[in-house]
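Enquirer: Sequence:
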Amino acid sequence: MIIPVVNERRTLGAVIREAAQVHPATEVIVVANGSTDGSAELAERMGARVLRYPSPLGHDVGRSIGARAARGEILLFTDGDIVVAARDLRALSAAVESGADVALNAYLGPTGLRQVHGVVLAKHALNLMIDDPATTGASMTTIPHAISRRARDMIGCDNLAVPPKAQAIAVCHGLQIRAPHYVEVGRRNRRRARGKGSDPLERLIVGDHLEALAWYIGQTGARGRMPDDGRSRESVC
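Just so it is clear: in the sequence shown, position 168 is 167 by numbering that gives the first Met the number 0, and no numbers are missing.
Honestly, the hints are just simulated from the structure, not real lab data. Bear in mind the structure is a predicted one, so any value in this text is a computation, not a measurement. Treat each hint with caution, since some may be false.
[Stated by the list, open to error] The following label-pair restraints were derived from C-beta to C-beta distances:
{"no.": "1", "residue 1": "A133", "residue 2": "I216", "range": "12 to 22 Å"}
{"no.": "2", "residue 1": "G57", "residue 2": "E183", "range": "25 to 35 Å"}
{"no.": "3", "residue 1": "G217", "residue 2": "A24", "range": "38 to 48 Å"}
{"no.": "4", "residue 1": "S54", "residue 2": "R9", "range": "15 to 25 Å"}
{"no.": "5", "residue 1": "A85", "residue 2": "G37", "range": "18 to 28 Å"}
{"no.": "6", "residue 1": "V235", "residue 2": "G71", "range": "52 to 62 Å"}
{"no.": "7", "residue 1": "G57", "residue 2": "G223", "range": "24 to 34 Å"}
{"no.": "8", "residue 1": "R113", "residue 2": "T25", "range": "23 to 33 Å"}
{"no.": "9", "residue 1": "G98", "residue 2": "E183", "range": "47 to 57 Å"}
{"no.": "10", "residue 1": "V115", "residue 2": "P23", "range": "18 to 28 Å"}
{"no.": "11", "residue 1": "E201", "residue 2": "A68", "range": "27 to 37 Å"}
{"no.": "12", "residue 1": "G57", "residue 2": "D36", "range": "11 to 21 Å"}
For each residue, glycine too, the CB sits at the ideal point set by N, CA and C.
Modelling step: build the complete structure from the supplied sequences, incorporating the hints.
Expert: If you want it as structure tokens, here you go:
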């Protein structure tokens, strides 16, 4: 279980308690980066393996570091500020045990709005363009999710710092991607609940999806494996 943490002492204890119940041999890794509120010390007292960094690492970099350090065959990812019940985490772990390489949270975000949030739109658009329609808007950006050690090695730990790119790489490698279980995380995400102003993470996460698409096109060609219907383009010149 990999938990990046920046000053999340208020919720971290409950997050670790649920994580520890997933399996008797669960390894809980807390990547404490830039924390000054005692989060790291709390995690250590609760038996977690704590990786300390004095300054914030940036969005999702903690996932990459935690994945590199993990010893288990199934890697679960969650955040330190959202308490996810052990039963929900076990459902994702079980999907990997039963053959999935990547098990995503089936939560898609609010899709029935007149104006859809940019991140929700980016998730759906990327999955369509990389020909992963089975997951619709499910994404490695969203916690919780689980991957196999094989998936970690094929995707590359560094790429886990940009979750949409990691997902595109998984698709290109033919890994089994499923969205087997729904966990409602939208209402519990305090990073998104900051009034009606602009979302401070929206541009960053949309940029992650653009990076993923650029990588995919670089691997598959300008049309991303989409057909060109036999156009004789040279006849136009």
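Enquirer: Each hint: holds or not?
Expert: Here's how the hints hold up against the structure:
1. A133 - I216: 12 to 22 Å: 21 Å, holds
2. G57 - E183: 25 to 35 Å: 27 Å, holds
3. G217 - A24: 38 to 48 Å: 40 Å, holds
4. S54 - R9: 15 to 25 Å: 21 Å, holds
5. A85 - G37: 18 to 28 Å: 24 Å, holds
6. V235 - G71: 52 to 62 Å: Since the Cβ atoms of V235 and G71 sit about 55 Å apart, the hinted range of 52 to 62 Å holds.
7. G57 - G223: 24 to 34 Å: Given range 24 to 34 Å: holds, Cβ gap about 28 Å.
8. R113 - T25: 23 to 33 Å: 43 Å, violated
9. G98 - E183: 47 to 57 Å: At roughly 26 Å between Cβ atoms, E183 and G98 fall outside 47 to 57 Å, so the hint is violated.
10. V115 - P23: 18 to 28 Å: For P23 against V115, whose Cβ atoms are near 42 Å apart, the range 18 to 28 Å is violated.
11. E201 - A68: 27 to 37 Å: Taking Cβ atoms as reference, E201 and A68 lie about 30 Å apart, which means the hint holds.
12. G57 - D36: 11 to 21 Å: Holds: the Cβ-Cβ distance is about 19 Å, inside 11 to 21 Å.
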